[in-house]
Amino acid sequence: MRYSETLVDHFRNPRNAGMMREPDGVGEGEYPECMDLARVYLRVRGGQVVEARFQSYGCGPTIATSSAGTELITGAQLAELVELSSARVERAVGGLPEDRAHAAEVVSAAIRAAARDALGRAGRT
Amino acid sequence: MNRRVYLDHNASTPVHPEVLEAMLPYFGERFGNPSSVHAFGREARDGVETAREQVAGFLRTGRDEIVFTSGGTESDNFAIKGVAAARGHGHIITSAIEHHAVLRTCQTLETQGFEATYVPVDGYGMVDPDDVKRALRPDTILVSLMHANSEVGTLQPVAAVGALTRERGIPFHVDAVQTFGKILVDVEGFGIDLLSFSGHKIYGPKGVAGLYIRKGTKLVAVQHGGEHERHRRAGTENVPGIVGLGRAVEIRGRDMEAEAPRLAALRDRLWQGISAVSHEVRLNGHPTRRLPGTCNVCFRHVESESIVLGLDLKGIGVSAGSACTSGNVEPSYVLVAMGVPVDWAMGSVRCSLGRSTTAEDIDYVIEAVVPLVARLRSLSPARV
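Those protein sequence lines, which keep their order, are chains D and E. Heads up, the first sequence is in the working numbering, so the first residue is 1 and it goes up one at a time. Heads up, the second sequence is in the working numbering, so the first residue is 1 and it goes up one at a time.
Rather than coming from a laboratory, the hints here were simulated on the basis of the structure. Check the hints yourself; a few may be wrong.
Straight-line alpha carbon distances no greater than 20 angstroms define the calculated SDA-like cross-link-like pairs of lysine to any residue that follow [what the hints assert, rightly or not]:
#1 K314(E) x S278(E)
#2 K314(E) x D9(D)
#3 K218(E) x V187(E)
#4 K314(E) x R2(D)
#5 K314(E) x V8(D)
#6 K314(E) x R12(D)
Chain E on its own, in the form it takes in the complex (with noise of 0.2 angstroms):
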């Protein structure tokens, strides 16, 4: 049987067994609501805000400033329209290479009165501070930037950025799902007022997540229904997800400042391991200010998904950059806006890297992937 190597642990982690431990009894014996007045409830509130209290204590944030939500996309939908709903009009600033739940939120609102900037990024993947600052408006009601982008780890320079919102009162919304739990991310420090963060990136389950908001942030409500997490976000709290969650976020602080550069390392071996031996390929996304675990590759002339496919013949799950949806195929997004040509683009895999991945590991894929492009190459009419 082929070794099994999972590489796509920006997609989503497996729980960590200490998680799952924190959540099982939240299934059993203290499956109350957490609105229940009776011990019943009581319990499972306790869990729930057990958790805020550790997801709190490691944003150093205040805990009445943790809402928790169903996932990534959620916190992004509510912090954004939440801001827009309390302004009624205005101005937003996002970037291009955002994750969709940010890009199609902005273009949804951009339908309901609202208008957007998109700035653009350089060959890194990375936002200029002057642009944000040259398309700040009177009427900028929101500037909403990603903390690293999920396929090429690219780290935006937010604490920049919030530098010149907070000096104009305008509110800071980082998309952190993918650093939060990987690298420090200071609220702080960075001049965050709004900051979404999921479970399963960092070894948490699925279907939770939060959002920090700063006391004072002007934000209404986007889910109606009971009085749930202080009004703002109606629904009964998904209790052993939000205890995962919190339990995930703990384990984080305590092996992240290890893990990074362990996962750095492990990242660069692998770069190093293919462009030493394969030609036309090329490294996605900043040299060094990216995330630790993060390889985004371009083998020109070669279709991602043939390469996923090869590798998961072989027992490896990386991700493509170019996704055929309905025999549609476009070249990543991202990759484009970063001015990556298409013959380039259309080649693109990502490796994210995670607390499993070993040398070992490293060395399989780098062994199974040289072949397979030399072999998919072989096969294409293009002239390489």
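The shape of chain D in the complex, shown without the other chains (with noise of 0.2 angstroms):
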């Protein structure tokens, strides 16, 4: 197998998935020549993430990549995760071939999306 195995066991048993109902804020994450496609939601309690979910189109990769991503996220300051990086979200998953490193980019852009739109929300409030 040529991915890691905490790779397939988030494929195998995905963490936090599905839509959320009245996020704070919700990112999406696009890898056009892939078509992939990740979706993030974010549940905010005072700049703290308590709760994220996704919906993801892609490989096998993407779809782990989003979970390990959403649990990676749990607990975090949405100041921070506007700035998080792929490389975290790799970590996160064990690691990624490297013909499959955009799972991680998707991830990651859907994350900082979600937060920047849960920052801007809050502002307006």
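Dock chain one against chain two, each of which comes alone in its own frame, and use the hints as you go.
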């Protein structure tokens, strides 16, 4: 198997899968060359992510990374997520083969977008 | 431990035990170079010539019309470049869904002054012989058409196209890598002048294949060196491989007729099992004029590779229609040429059955794939 045990575990048993009603922030990451799409929903209390959920279309690594990414950010501060790197997301899924590195890019982009959206909404209220 | 089910026989097959048995002496005591005149060489030569007889007998051709090569890709290159080099210039007709060994060879020849027409296919992946007829020109030097497409299994009307080319004296090349040893390939009846065939799709070894060249077909060698294969293909023969190919062909001659309907029934059982319980699925390829063991299915709103990974984790080997390489994924060019919409084509999976496939295997795959697709769809942001 060319994928890490962590990746396979997340693919088999995705955590935090599914949409969230009335989220405090939503963001999407896309990789057009591959048609991959990840959408991340955030529930935020006091600037901290208390719940994250995802919906993803793509190859196995993209689905697994979405799951690992939502686990990684639960409990994190929104402010730090705006800068979240794809490398951190990749580490959370136990690494990715070079030709699947886009999975971490798609998911980290979705998380950053969701964090920006949540911060924007918070700023408006 | 998971059950292991291999449904990727169009990619490759395991070597038949009787084939392996036939090959083994040629790695050991019969190791000689078939070009050598001594007894060691003669033993190896006998092995090669027996294989040539086995292939010629199976195809009902002359022995000296069979040339052994290193693979289906070489056979296709040899046929097309060999005819092109013999003529020097001219026009080639092929189809839009050929194997890359044919497509890229034709595209390369286009950069060298040759012209090519890629005839389209219909929604089943089938070429219309009238399109070939309309594409024919006075300077057409070759028509190259696959017998069956490896992805969807659709059988092309090679007999009708062969009648057209024969009437006009144009060489007709058929890439039969996916049909040779699986269904009848009637070289004479189909009007074929050049036929590519391979060993590892029919329980022979990898790295060995062949090209049938009808006597009188103008073709020049593309690989130069020694005087092997009657000056047509230089290079020391892959003796164990050729012996294995010969034995594999002989076994197919024995087993093929009974196996085809058995595989067709299992193939249909697979599609019926999937389509009965899954929505938004479609069968690709012609419903009946199709390879007996090939079942290509699109699952809408799911990406092929995630299905392949999910099935791999259940011990099932199938092939993805869309392949992600270096972060770039494109739907299958075959499905696109057939007019399959991209959101469907991205979720295509090919199951190709073989001699070891059982009804229990098929039921196991149905039990695995249906919930897997449902789960992947539940994760998807697409509206399903």
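Outcome of the hint check:
1. In summary, the hint linking K314(E) to S278(E) is supported, as the alpha carbons are separated by about 19 angstroms, within the 20 angstroms threshold.
2. The hinted pair formed by K314(E) and D9(D) meets the criterion: a straight-line CA distance of about 13 angstroms does not exceed 20 angstroms.
3. For the proposed pair K218(E) and V187(E), the alpha carbon gap of about 17 angstroms is at most 20 angstroms, so the pair holds.
4. The straight-line distance between the Cα atoms of K314(E) and R2(D) is roughly 16 angstroms, inside the 20 angstroms bound, and the hint therefore holds.
5. Proposed proximity of K314(E) and V8(D) is supported: the alpha carbons are some 12 angstroms apart, at most 20 angstroms.
6. For the proposed pair K314(E) and R12(D), the alpha carbon gap of about 10 angstroms is at most 20 angstroms, so the pair holds.
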